[in-house]
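K.L.:
Between the sequences and the hints, there should be enough to build the whole structure, so can you do that?
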Amino acid sequence: MRARKTASFGVPYDYSQIAYEAVPIPLELEVLCGKLEAELGFRPNNCLLNLYANGASSMRFHSDDSTALAPGTGVAIVSVGATRSIAYRSKADSSLRFDYPLPHGSLLYMSDAVQQDWLHAIPKAESAGERISLTFRAIRK
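Residue numbers (our numbering): 1 to 141.
Hint data in this document are derived by calculation from the structure and do not stem from the laboratory.
Treat each hint with caution, since some may be false.
What the hints assert, rightly or not - List of simulated lysine-lysine pairs, DSS-like, C-alpha gap at most 25 Å:
| # | residue 1 | residue 2 |
| --- | --- | --- |
| 1 | Lys-5 | Lys-124 |
| 2 | Lys-91 | Lys-124 |
| 3 | Lys-35 | Lys-141 |
P.N.:
Rendered as structure tokens:
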């Protein structure tokens with residue numbers, strides 16, 4: 001990870017070896033939680049924000065820990081700002097890689113099965129501008 005800033009809202013959440021305390025979800029994010037519930041069938045109780053200040057900001061290949069999530073849920077990502085790509089690489093065959101653009105306002109949902117079979121990353125993008133990634137989760141209480 002490089003040149004990223006992170007904040008967490010909602011129930012406590014451990015991310016990247018940092019334990020985030022409970023912080024009330026702002027009204028604007030609560031509205032998004034309601035829309036995600038209508039779209040995905042579960043209501044997130046945590047929103048993690050990652051700021052990618054420019055194209056040098058990146059995230060290495062990884063898979064998210066699904067054990068803290070409510071059963072039958074995954075991770076919903078809403079992108080705000082510059083378009084960046086998310087890269088997927090197969091855990092079974094590292095030569096399999098797919099890149100997908102995440103334009104402003106896009107929603108990407110990663111189920112538990114995605115986390116089990118694939119790694120994902122946000123690669124550097126030389127000329128990219130600022131982007132905020134809002135990741136929504138339903139954390140077990």
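K.L.:
Please go over all the hints and tell whether each is borne out by the structure.
P.N.:
Hints versus structure:
This hinted pair checks out: Lys-5 and Lys-124 have alpha carbons roughly 16 Å apart, not beyond 25 Å. As the CA atoms of Lys-91 and Lys-124 are separated by approximately 21 Å, the hinted pair is consistent with the 25 Å bound. A C-alpha spacing of about 21 Å is found between Lys-35 and Lys-141, which places the hinted pair at or below 25 Å, so the restraint holds.
This entry satisfies every hint, going by the numbered hints stated previously.
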